[in-house]
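**Student:** Make a model of the complete structure from these sequences and hints.
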Amino acid sequence: MGKPLLILRLEGPLQSWGGRSRWDVRDTQPEPTKSGIIGLLGCALGYERGDRRLEELDSALHLGVRVEHPGRVLEDFQTITDFLPTAGGDFKVSGGTKSAAALRADPDVRPATILSPRFYLEDAAFLAVLDGPPDLLAECVAALRRPRWTLFLGRKACIPTRPIFERLTEDYENLEHALRHVPWSHLHSGHAQRRIRREEQERVLETFIEDPDGPLARQDSLRLNAARQYGFRQVRRLLNPPVRLVDVYPLEAL
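Heads up, the sequence shown is in this note's numbering, so the first residue is 40 and it goes up one at a time.
Honestly, the hints are just simulated from the structure, not real lab data. A quick note: this is a predicted structure, and the numbers were derived from the prediction, not measured. Mixed in with the good hints, there may be bad ones.
Just the calculated beta-carbon pair ranges, DEER-fashion [to be verified]:
#, residue 1, residue 2, range
1, ASP147, TRP188, 31 to 41 Å
2, ASP115, ALA139, 22 to 32 Å
3, TRP188, ALA144, 36 to 46 Å
4, PRO146, ASP252, 52 to 62 Å
5, VAL180, ALA144, 50 to 60 Å
6, GLY135, GLY41, 53 to 63 Å
7, ASP174, GLY270, 21 to 31 Å
8, GLY135, VAL243, 22 to 32 Å
Just so you know, even glycine gets a beta-carbon here, dropped at the ideal spot from N, CA and C.
**Tutor:** So, in structure tokens, the structure goes:
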């Protein structure tokens, strides 16, 4: 018997896990961010944006992510018309920028219209595993089963195609053990309707595990501040073969 671990499946036609999405360009990272996962749990728990419990959740939980299918990057373009904030603290208006005081003093000012590039991961699938205090994990499980608000994969337009919560388990010793041995779910969008090629079975799965001694830095630890700047955390990267598909889903059954 190992320690309790919360296992999540993040699968859908579109996902978007922004790391630097504060202004016009809304990026996506190649795998789910910790801030995005904490935000997802916060939606389930009913935490408002700015609730200090989100930071506590970030500090208490440790995350590991396995890339089961990286998907493709999709770029979309959207137009936005509004009084949009700038990095300098002013607001964009038609024809330029104005301070907040000037904006309030000018009743005839018109909002700016901008083109905003949006990036998504198309047909991606990830396994996310969290460890933390057992009582907190149990609270998250109850919320995921009956979420307060709609759950989405990074952005509100990105709806999952399967239940996000998979199970709370003590079958694994730690995050790394779980990420190496939880069976690979290949029946996500785009794969369910065709046979899996044999070379796909041999693909190495990329895995990232939160580790204070890890050599890689990720600026995606949730911090509450006016500038929406995230904190840093350390991770380590593993490359390991998946649990063979033939051991999980016989090819002749697909």
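**Student:** Hint by hint, work out which the structure violates, then give me just those numbers in ascending order.
**Tutor:** 8
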